[in-house]
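Chains as they are written, first to last, in our numbering: chain X, 1 to 132; chain A, 133 to 592.
Fair warning: there could be bad hints in the mix.
[As the list claims (entries may be wrong)] Chain X stretches covered by chain A per the calculated footprint, using a threshold of three residues with CB under 8 Å from any CB of chain A:
hint, stretch
1, 10–21
2, 24–36
3, 46–54
4, 72–83
5, 90–101
6, 120–126
[Stated by the list, open to error] Straight-line distance between alpha carbons at most 27 Å, and here's what the computed DSS-like set of lysine-lysine pairs gives:
hint, chain 1, residue 1, chain 2, residue 2
7, A, K484, A, K195
8, A, K543, A, K483
9, X, K48, A, K484
10, X, K109, A, K459
Everything labelled a hint here was simulated from the structure, so no lab data went into it. The beta-carbon is built from N, C-alpha and C at its ideal position, and this holds for glycine as well.
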Amino acid sequence: MSKLISNAAVRGIVRLGNIIVPGDGDMPSYEEYGGYEHVDDLLEHAPKSDIGDLGLLLSVLSFMPKFVLVWLVNMMGASHGKGNGLWILLRQLDMGIRGIVLSTYYTEKGGASFSGTAPLDGIDYSITRMED
Amino acid sequence: MKDFIIVGSGSSGGILARSLQEGGADVTLIEAGKFFRKDTFPRTEAAYSSQLFWGGGLEFDDKAKSAYLRAKCVGGTTNVNQCLMNRFDDMAMDDWRDRSGIDWLTVDALNPHYDKVEDLMELHTFEKKDFNRNAELFTGGCDKLGYGWKYLRRGQKDCKIEEGNDCIGCLGGCQRDSKQSTLVIGIQVAEKLGLEVLSNFEADTVVHHEDHVVLLGEHEGQKKELSARRMILAGGSFGTTKILLNSGLKKALPALGKGFCQHPQYMAFGVFDEPVDSHKGAFQTVASGDPNMRKAGFKLENVYAPPIAVGMLFNSYGREHQRLMKKYRYMACIEAAVRDQPEGGELDVDKKGNLIVRKTLTEQDLVRADKGIEAIHNVFAAVGAKEVVDSPFYFGLHLMGGCSFGTDPNKSVINPDFQVHGHKNIYVADSSVFPSAPGINPSLTIMALSQKMGEELLKN
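Go ahead and model the full structure; you've got the sequences and the hints to work with.
Next up, the structure:
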């Protein structure tokens with residue numbers, strides 16, 4: 001699926017994505033929307049060293065029990081406004097992981113098999129571009 | 133050998149490319165990013181966020197407390213900002229003159245250069261008829277509280293807003309060349325006069341010689357060496373400082389890297405019962421214009437952001453995240469931008485030559501931020517917001533300092549003639565030369581300083 005990170009890493013994104021955006025009656029879950037199928041569109045422009053480190057971490061996380069991932073996401077959220085040490089890593093993770101998840105969710109490109117209300121439609125977002 | 137190589141194509145480089153090329157010089161313009169034009173700029177938020185910015189979207193300080201948005205494309209940040217064009221005031225210039233010891237840093241001395249830069253572009257000052265609901269709420273709240281506000285002046289032409297164009301889209305580059313970026317007013321004009329543009333060229337170091345300068349870097353992934361009689365570094369605070377640090381100039385210039393400022397920006401969202409549609413129409417038309425806020429060291433800007441950015445600004449997950457995002461159309465947004473002290477910021481490089489940003493907000497910065505956020509809450513309360521959501525993050529769009537100019541080589545990097553102290557063939561006039569944060573949008577002043585430098589270079 002991805003040419004830049006492993007299938008396990010993609011699975012890690014999907015599991016974390018489902019915690020960040022679980023979906024409800026109006027909005028699809030992260031996994032249901034399937035924007036992660038286009039994750040390479042983002043990663044191909046990121047620094048190569050960042051992709052390597054993040055891919056490894058996501059692969060490890062893909063094997064963790066859900067309660068560990070929920071704890072991690074909560075810690076990431078709590079890291080802002082905190083001190084240094086481990087908090088720095090958690091803040092970096094928060095911005096990196098949420099950046100990927102939200103960029104592949106609030107986007108026009110969903111998964112190949114998705115049929116439903118896309119997230120941008122779910123929040124009723126549209127803009128008009130008047131080109132030359 | 134070329135007369136000039138300009139490294140960086142944003143507010144400074146784009147203006148210099150045009151003025152030097154028009155003056156008959158032989159110029160090469162170097163840019164680390166890609167060369168997009170109006171018909172090739174990425175059209176979606178996800179695409180332009182990853183393709184037009186350093187770091188694939190965001191960069192961070194060493195503590196990951198502050199995020200930075202720095203464009204990486206021909207035209208630089210002038211492609212992705214709101215092209216707000218403000219002249220500096222006496223408060224900003226007096227501080228620069230005190231810190232630098234440079235006598236000509238006055239509003240009066242810069243005015244002719246502001247005039248000349250403004251002559252290069254179309255300027256539009258907004259009026260009430262241009263307001264979207266976000267602006268109505270902002271000005272309504274300010275009026276109730278007695279806060280002063282002002283219409284913004286933007287570099288733009290034929291934006292078609294009255295016909296329904298939503299200019300939030302041009303945060304990813306203007307698709308109609310309406311935005312008066314340096315891509316439009318500088319580079320594309322200079323190209324017609326013979327300007328050579330090398331995109332995807334990441335500069336690494338410079339080597340100064342008596343009669344020329346050598347630039348080392350990578351072009352399209354291949355090592356490359358270029359020479360010119362004079363080198364102009366225009367990579368902004370991060371880019372220019374990094375090149376000079378990697379060129380080994382820190383020992384000779386102890387002030388190199390010091391004095392980094394960023395106008396830390398804090399965003400808050402007011403949630404209303406009725407749709408606000410802050411993303412529609414003219415995106416940013418007003419800001420605070422209150423002398424008391426100016427004295428207190430902050431200003432308020434009436435802004436918004438597209439969905440991914442808004443989602444990132446909330447510190448929420450799961451159902452709460454979704455609840456807030458469903459309110460996207462019901463939110464107004466105000467940002468407090470702080471005039472931060474240069475003493476808290478320093479730029480450095482690691483052993484691999486990667487940039488390290490160290491930024492500690494001083495006590496004064498934090499007091500100013502608190503006052504700004506309090507003012508935002510007051511405005512939202514005055515116009516009946518049902519809920520106010522503060523973003524826990526602050527970020528920097530105006531990256532300044534690191535190569536401050538001044539008369540003393542022990543306390544500054546660039547001399548009053550825009551040359552690196554002791555390196556007569558290397559010039560800088562971008563935001564890295566700022567001795568302190570002005571508390572005012574910096575683009576126009578970077579352009580004016582660059583115009584002044586270009587004029588002096590052509591005289592010589």
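(message) So, against the hints stated earlier in the document, which numbers end up violated here?
(response) The structure breaks none of the hints.
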